[in-house]
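Those sequence lines, one after another, are chains P and Z.
Here this note's numbering = 1-based position in the first sequence + 634.
Here this note's numbering = 1-based position in the second sequence + 634.
Calculated directly from the structure, the hints in this document are not laboratory data.
Be aware that one or more of the hints could be misleading.
[Stated by the list, open to error] Some chain P residues flagged as far from chain Z (calculated, every beta-carbon gap over 12 Å): (1) Glu669; (2) Val670; (3) Trp682; (4) Val692; (5) Arg694; (6) Gln711; (7) Pro720; (8) Tyr750; (9) Arg772.
[As the list claims (entries may be wrong)] Here are the simulated DSS-like cross-link-like pairs (lysine-lysine), alpha carbons at most 30 Å apart as the crow flies: (10) Lys700/Z - Lys732/Z; (11) Lys721/Z - Lys639/Z; (12) Lys732/P - Lys700/P; (13) Lys639/P - Lys654/P; (14) Lys654/Z - Lys639/P; (15) Lys654/P - Lys639/Z.
Where is the CB? At the ideal position from N, CA and C, for every residue including glycine.
Number of protein chains: 2
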Amino acid sequence: MRKNKRGLLVVLSGPSGSGKDTVLGELKEEFDDLEVSVSLTTRRKRAWEHEGTHYYFVARAQFEEKIAAGEILEYTQYNGNYYGTPKSAIDAWLARGKTVILKIEVEGAANIRAIYPECVTVFLLPPSLEVLAQRLFRRESEDAAEIARRMDIARRELAHAADYDYIVLNDQLDYAVSDFRAIIRAERQRVCRRRHMIEEVLNSAS
Amino acid sequence: MRKNKRGLLVVLSGPSGSGKDTVLGELKEEFDDLEVSVSLTTRRKRAWEHEGTHYYFVARAQFEEKIAAGEILEYTQYNGNYYGTPKSAIDAWLARGKTVILKIEVEGAANIRAIYPECVTVFLLPPSLEVLAQRLFRRESEDAAEIARRMDIARRELAHAADYDYIVLNDQLDYAVSDFRAIIRAERQRVCRRRHMIEEVLNSAS
Numbered sequence: 635m636r637k638n639k640r641g642l643l644v645v646l647s648g649p650s651g652s653g654k655d656t657v658l659g660e661l662k663e664e665f666d667d668l669e670v671s672v673s674l675t676t677r678r679k680r681a682w683e684h685e686g687t688h689y690y691f692v693a694r695a696q697f698e699e700k701i702a703a704g705e706i707l708e709y710t711q712y713n714g715n716y717y718g719t720p721k722s723a724i725d726a727w728l729a730r731g732k733t734v735i736l737k738i739e740v741e742g743a744a745n746i747r748a749i750y751p752e753c754v755t756v757f758l759l760p761p762s763l764e765v766l767a768q769r770l771f772r773r774e775s776e777d778a779a780e781i782a783r784r785m786d787i788a789r790r791e792l793a794h795a796a797d798y799d800y801i802v803l804n805d806q807l808d809y810a811v812s813d814f815r816a817i818i819r820a821e822r823q824r825v826c827r828r829r830h831m832i833e834e835v836l837n838s839a840s
Numbered sequence: 635m636r637k638n639k640r641g642l643l644v645v646l647s648g649p650s651g652s653g654k655d656t657v658l659g660e661l662k663e664e665f666d667d668l669e670v671s672v673s674l675t676t677r678r679k680r681a682w683e684h685e686g687t688h689y690y691f692v693a694r695a696q697f698e699e700k701i702a703a704g705e706i707l708e709y710t711q712y713n714g715n716y717y718g719t720p721k722s723a724i725d726a727w728l729a730r731g732k733t734v735i736l737k738i739e740v741e742g743a744a745n746i747r748a749i750y751p752e753c754v755t756v757f758l759l760p761p762s763l764e765v766l767a768q769r770l771f772r773r774e775s776e777d778a779a780e781i782a783r784r785m786d787i788a789r790r791e792l793a794h795a796a797d798y799d800y801i802v803l804n805d806q807l808d809y810a811v812s813d814f815r816a817i818i819r820a821e822r823q824r825v826c827r828r829r830h831m832i833e834e835v836l837n838s839a840s
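Same shape as in the complex, but just chain P (with noise of 0.2 Å):
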């Protein structure tokens, strides 16, 4: 029996503090066929972030070329910046049957999810704003003023929660990799994935 012919891409969304690197983080070292494609960013990198990790921070005369070269895939401004994600090899991994996880912000999820529409998105949520807080202040390099800014950002994106295809609680770490490893497991046997197998199975001898 063949495998999935087609790989399965998966957006993944929720506010800053929820713990989508986190998570990433465990999921990546228990798939070995997993890709995780990393959006690049023109703002300044926070002190906790790590280049490729969590962006890749480019100057935004590199992102404009890029843009022009038709290497973004689709890309927002935000706060005076730009937010994209870079095409690069996406395609190529789908071909080879990889699940690749878009690690991207609401509206870019929304732009991702016009161009790709058998993607399968998912929201990470905060078990409240308050543990949002917390996670964030915990980032030592948040100042106040900064942190109420993010929460605001943070009720804007749970607002658009109800339009992805899966809600992930991240109350728990384990929980929430477990439940995100659930959903990657179910959805590469949805029936648009696995149709070449009913006719393997028709077509063999019996």
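Got chain P sorted already, so can you dock chain Z onto it with the hints?
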């Protein structure tokens, strides 16, 4: 955070010998909030079948009394016998947030889909017709004519597999059980079952 309000209704179909009862037996050990609804039939019990596990075996008059009393959710007639789903506890289980599994053939599955449009449908696929035939042979009670007849039915059922939401391949039992488990776990996180969680977070104090 409250658990999901309403339970999940899962319809499981698959040809005779695809391993439905074995997979369900394993799953019941793992989930403590899983309820399996067993169908009623008027056909004779086969030697390897158990009352209440594979079917409830009832007389024709008894089945018709139950239809008249409104105790049958849906039924079909096949080969001169009735096959039906007892109304019994399904709605009560769902209201209590349970995951309810209906093991049912393809025609009954279509009836259930019409009654419960939010149900999740899973087709258990044998790896090949040859393996299916071997599994039927291994059940000692089967004679060759009966197996040939069941293989014909299997081919007709397989032609409906593409109408289901998920295709679980039962090549190795432990994989099939894990795959089915992932579908249940993922479907519990569907946005249609978790809107209340988004509201709760948005209404929480920050």
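Hint check:
1. Annotated as non-interface, glutamate 669/P keeps its C-beta farther than 12 Å from every C-beta of chain Z; the closest such distance is 20 Å.
2. Remark: the non-interface label on valine 670/P is consistent with the geometry, its nearest Cβ contact in chain Z lying 19 Å away (cut-off 12 Å).
3. Every C-beta of chain Z lies more than 12 Å from that of tryptophan 682/P, the closest at about 21 Å, which supports listing it as non-interface.
4. The beta carbon of valine 692/P is kept farther than 12 Å from every beta carbon of chain Z, the shortest such distance being approximately 33 Å.
5. Taking the minimum C-beta to C-beta distance to chain Z, about 33 Å, the non-interface status of arginine 694/P holds against the 12 Å cut.
6. At roughly 26 Å, the least C-beta separation between glutamine 711/P and chain Z is larger than 12 Å, which holds for a residue marked as non-interface.
7. Here proline 720/P stays apart from chain Z, with its beta-carbon at least about 28 Å from theirs, past the 12 Å limit.
8. Listed as outside the interface, tyrosine 750/P is consistent with that label: its C-beta sits roughly 18 Å from the nearest C-beta of chain Z, beyond the 12 Å cut-off.
9. No Cβ of chain Z approaches the Cβ of arginine 772/P within 12 Å, the least distance being about 15 Å, so the stated non-interface status holds.
10. Taken as a hint, the lysine 700/Z and lysine 732/Z pair is honoured in the structure, with Cα atoms around 25 Å apart against an allowance of 30 Å.
11. For the suggested pair lysine 721/Z and lysine 639/Z, the alpha carbons sit about 21 Å apart, so the restraint of at most 30 Å is met.
12. The straight-line distance between the Cα atoms of lysine 732/P and lysine 700/P is roughly 25 Å, inside the 30 Å bound, and the hint therefore holds.
13. Under the criterion of a C-alpha separation no larger than 30 Å, the hint pairing lysine 639/P with lysine 654/P is consistent with the structure, at around 28 Å.
14. Between lysine 654/Z and lysine 639/P the alpha-carbon distance is near 26 Å, which keeps this suggested pair within the 30 Å criterion.
15. Proposed proximity of lysine 654/P and lysine 639/Z is supported: the alpha carbons are some 26 Å apart, at most 30 Å.
Checked against the numbered hints listed earlier, the structure breaks none of them; every hint is satisfied.
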